[in-house]
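Protein chains: 2
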Amino acid sequence: MQNIYIIGIGLIGGSMALDIKRLYPDVNIRGIDANPLHVTEAIDLHIIDEGAELNDIANADLVIIAIPVDASLEVITQVLDNIPDSCLVIEAGSTKEAICGIARAHPKRRNLLTAHPIAGTEFSGPSAAINGLYKNKTMIICEVEETAFKLQEKALKLFSDLGMRIRYMNPKAHDKHIAYVSHLSHISSFMLGKTVIEKERNERDIFDMAGSGFESTVRLAKSSPDMWTPIFKQNKHNVIETLEEYIANLEQFKKHLEDDDYKAIHLEMKNTNHIKTILKGIE
Amino acid sequence: MQNIYIIGIGLIGGSMALDIKRLYPDVNIRGIDANPLHVTEAIDLHIIDEGAELNDIANADLVIIAIPVDASLEVITQVLDNIPDSCLVIEAGSTKEAICGIARAHPKRRNLLTAHPIAGTEFSGPSAAINGLYKNKTMIICEVEETAFKLQEKALKLFSDLGMRIRYMNPKAHDKHIAYVSHLSHISSFMLGKTVIEKERNERDIFDMAGSGFESTVRLAKSSPDMWTPIFKQNKHNVIETLEEYIANLEQFKKHLEDDDYKAIHLEMKNTNHIKTILKGIE
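One line per chain: the protein sequences are R and X, in this order. Going by our numbering, the first residue of the first sequence is number 1, and it counts up by one from there. Going by our numbering, the first residue of the second sequence is number 1, and it counts up by one from there.
Simulated from the structure, these hints should not be mistaken for laboratory data. The reader is advised that the hints may include incorrect statements.
The list makes no distinction among identical chains, and a pair is therefore deemed to hold if it is satisfied within one copy or across any two copies.
Derived lysine to aspartate or glutamate pairs resembling EDC-like cross-links, with alpha carbons at most 16 Å apart [to be verified]: (1) 254 with 97; (2) 233 with 261; (3) 21 with 44; (4) 108 with 61; (5) 176 with 208; (6) 176 with 205; (7) 199 with 241; (8) 21 with 61; (9) 176 with 244; (10) 270 with 258.
Construct all of the structure, not just a fragment, from the sequences and the given hints.
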């Protein structure tokens with residue numbers, strides 16, 4: 001593994017580049033990004049060795065695609081068209097059904113591994129890249145059987161070196177489950193932020209009265225709209241389903257309040273406290 | 001200030017006790033709690049010097065009431081009935097209108113200062129008490145003019161020693177604003193936790209697919225139902241209003257998705273990103 005190309009040098013791609021450089025200091029990491037400022041910024045931050053273009057990848061040993069999921073759908077074909085036979089392409093988007101669908105018919109499908117690293121923060125761009133982001137995090141791999149054995153092995157070696165644990169899922173199940181544990185969290189957070197901002201035009205009041213609980217609950221509302229709009233688009237049906245269930249639960253809670261049924265409210269919270277046990281594994 | 005009684009030795013009262021003991025090592029801190037196990041636990045943890053009963057407070061210089069807000073409504077009268085004339089009583093609940101209402105007619109109203117420290121975690125009980133919890137946090141004081149000058153001064157000195165900044169509000173405005181920045185966050189978090197738990201009966205899936213974003217957004221769903229049920233009850237009308245606005249915003253977001261109006265979705269998120277600037281003051 002000598003020539004590595006990272007397409008999209010943001011939080012995900014940039015953090016990957018930092019770890020790879022630390023693990024294998026001799027590799028050459030080239031960065032490709034739709035925003036030329038990201039390339040120069042990533043060079044300045046020593047995230048990549050140099051900038052490149054999509055049609056430079058003919059000598060690539062490894063290409064990592066970490067761009068908004070709508071752009072992925074177009075770029076993936078161009079990448080597969082241009083790589084040499086031995087190259088591994090890892091696509092790291094947050095939705096998997098559409099990308100697996102697009103890739104299925106491509107003659108170089110076996111060069112591709114589609115995966116979703118469950119890692120990140122609410123920040124974006126090269127400056128958001130973090131050393132060791134992937135350590136002890138989960139990598140969900142979809143349709144692993146569609147990837148050539150040797151390249152599966154190469155990818156698993158990389159993920160293991162990054163300190164990740166691996167889970168295999170089909171893309172349909174991935175998109176359904178991730179809508180609950182990731183996409184819905186983002187919407188609940190964005191809409192909480194919106195509701196409070198709308199009400200509290202005098203921002204000084206929010207600042208003074210909001211504590212760490214509010215901060216934690218709206219943290220995801222800092223996330224990038226450019227990244228999240230295409231995710232919601234691609235996972236529209238699952239996201240709508242989660243939203244309907246979430247709204248129904250909120251309506252029921254409101255009903256309990258209107259009915260002065262505080263026993264029911266207590267019970268709702270008590271049952272949900274069970275999340276403590278579940279979260280212990282995440283922290 | 002020699003004889004201090006803390007009623008409710010949990011996160012708020014216990015943390016207060018720890019700081020007070022550090023600031024004024026010579027005081028005697030006695031703890032009163034409906035749960036006798038909390039008293040022994042608090043002694044073992046060196047949070048209080050000894051246990052006490054409500055009718056011991058005749059020699060009190062300072063009484064801090066930090067119990068669920070429904071219990072506060074009853075305890076406050078008993079406390080005011082039993083304190084000596086020079087004693088300061090600080091009531092530290094998360095809702096202020098009902099408590100101010102109850103206190104208004106009491107002959108010892110001027111011994112009472114009603115306040116809400118914007119500080120805490122999702123944990124409760126004596127083991128949740130933290131040294132320095134109040135440093136750089138906001139204390140909201142309601143109806144300060146109802147408290148005797150000397151006792152105002154005494155309270156402000158204590159809060160200043162704790163490292164807190166002070167804000168004055170009327171109880172009605174307090175309850176209205178806090179519904180947005182605190183109570184709604186808790187409900188959104190509890191209902192998010194509920195929605196995901198209901199869907200993902202196989203907990204292993206949540207564990208593996210949930211990242212730090214989910215963890216942050218559902219953190220408040222670990223909070224104590226015993227503490228939060230009476231808060232929602234006392235602030236019912238404001239909480240219902242915030243819930244209605246929150247649900248309307250979620251419905252609108254869902255509508256945008258159903259209409260494939262991704263421009264609107266992008267704009268919603270972009271506008272809410274503004275929360276970054278607001279939150280900078282909280283972190």
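Going back to the hint list, which numbers does this structure go against?
Violated: hints 1, 10.
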